[in-house]
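**Student:** Sequence:
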Amino acid sequence: MRDRLMANAAQLSKQQQVIADFLMDNLQEAPFLSVMEVAERTGTSEATVVRLSQRIGYEGYAGLKMALVAMLRGAGANTDTANDGPDISKDVLAAMARLEVQNIERTLKSIDRKAFEEAARVLREADHVFTFGLGISAHLADLATYIFTEHGVRCSSLDSRFTSPREQLVVLRPGDVVLGLSFPPYSGETIDVLKEAHERQLTTVAITDRPSAPATAYSNHALLVSCQGMTFTNTTASVDVLLNALAVKVASEDRSQSMEVLARINDILAEKSSLVGDD
Numbered sequence: 018m019r020d021r022l023m024a025n026a027a028q029l030s031k032q033q034q035v036i037a038d039f040l041m042d043n044l045q046e047a048p049f050l051s052v053m054e055v056a057e058r059t060g061t062s063e064a065t066v067v068r069l070s071q072r073i074g075y076e077g078y079a080g081l082k083m084a085l086v087a088m089l090r091g092a093g094a095n096t097d098t099a100n101d102g103p104d105i106s107k108d109v110l111a112a113m114a115r116l117e118v119q120n121i122e123r124t125l126k127s128i129d130r131k132a133f134e135e136a137a138r139v140l141r142e143a144d145h146v147f148t149f150g151l152g153i154s155a156h157l158a159d160l161a162t163y164i165f166t167e168h169g170v171r172c173s174s175l176d177s178r179f180t181s182p183r184e185q186l187v188v189l190r191p192g193d194v195v196l197g198l199s200f201p202p203y204s205g206e207t208i209d210v211l212k213e214a215h216e217r218q219l220t221t222v223a224i225t226d227r228p229s230a231p232a233t234a235y236s237n238h239a240l241l242v243s244c245q246g247m248t249f250t251n252t253t254a255s256v257d258v259l260l261n262a263l264a265v266k267v268a269s270e271d272r273s274q275s276m277e278v279l280a281r282i283n284d285i286l287a288e289k290s291s292l293v294g295d296d
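Going left to right, the sequence shown walks through residues 18 to 296 as the numbering used here numbers them.
Derived by calculation from the structure, the hints in this document are not laboratory data. Check before you lean on any hint, since a few could be wrong.
[Said to hold, decoys possible] Pairs of lysine-lysine, BS3-like flavour, derived with a Cα cap of 27 Å:
| # | residue 1 | residue 2 |
| --- | --- | --- |
| 1 | Lys131 | Lys266 |
| 2 | Lys266 | Lys126 |
| 3 | Lys131 | Lys31 |
Using the sequences and the accompanying hints, generate a full structural model.
**Tutor:** The following block contains the structure:
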């Protein structure tokens, strides 16, 4: 990556050079920054960050980040220019853990508490909650379904294996809520599900990463989390925290319902056929 920047230095615009200098001065931290964060830190635009990445031979910023990770893991970084960011060249496991902690801390600082309260309210009052996401968001949608069900919310995941999720929306009723999870690269099908539900005047909740994310345009309630990964994959710890917090909030507001559900679940788990362990 360093060699590509140097080889193309003469062809870089003034703003692209600012970004290149920032990346070189922050080798330890750069792999943990999103394109939006690099743009903010350098006073440029996201488009300029992407154009720089393409100028030096990558398809986009994700490719540049992967090259940074490979460079740091393979050759190590100059400790004279290291900052307080995680040092992935020494301990990837610790660096990944610190990155997730940073994502959670950013989420706690930035998330709108009023939006959180309102989202918890509509989930609690919903006749049925339907979750949907693709890619890693499919896993998160299933996780949301499990967590909410365990806390007394009637919840199901829309499934794209057999039919279009939009077709499944046909049977939803006015009291139902659609929860969409959407992170870069944004899935068009997830946006279509939220748009379809929104146009049918169903209540929609989106969990996504930024105010300008496509999902927010079709959401009555948008909850924004930090999910920056070490490479091109989004991380999930901050989303896990948010989902569990929503479930706890719902349960705390309807204790009788949640305690009844918990009692029934305990009865099921207490059945001999359901237990694995010591006699």
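**Student:** Would you mind marking each hint as holding or not holding in the structure?
**Tutor:** A quick look at each hint next to the structure:
no. : hint            : result
1   : Lys131 x Lys266 : 13 Å, holds
2   : Lys266 x Lys126 : 19 Å, holds
3   : Lys131 x Lys31  : 41 Å, violated
Checked against the numbered hints above, the structure breaks only hint 3 and satisfies the rest.
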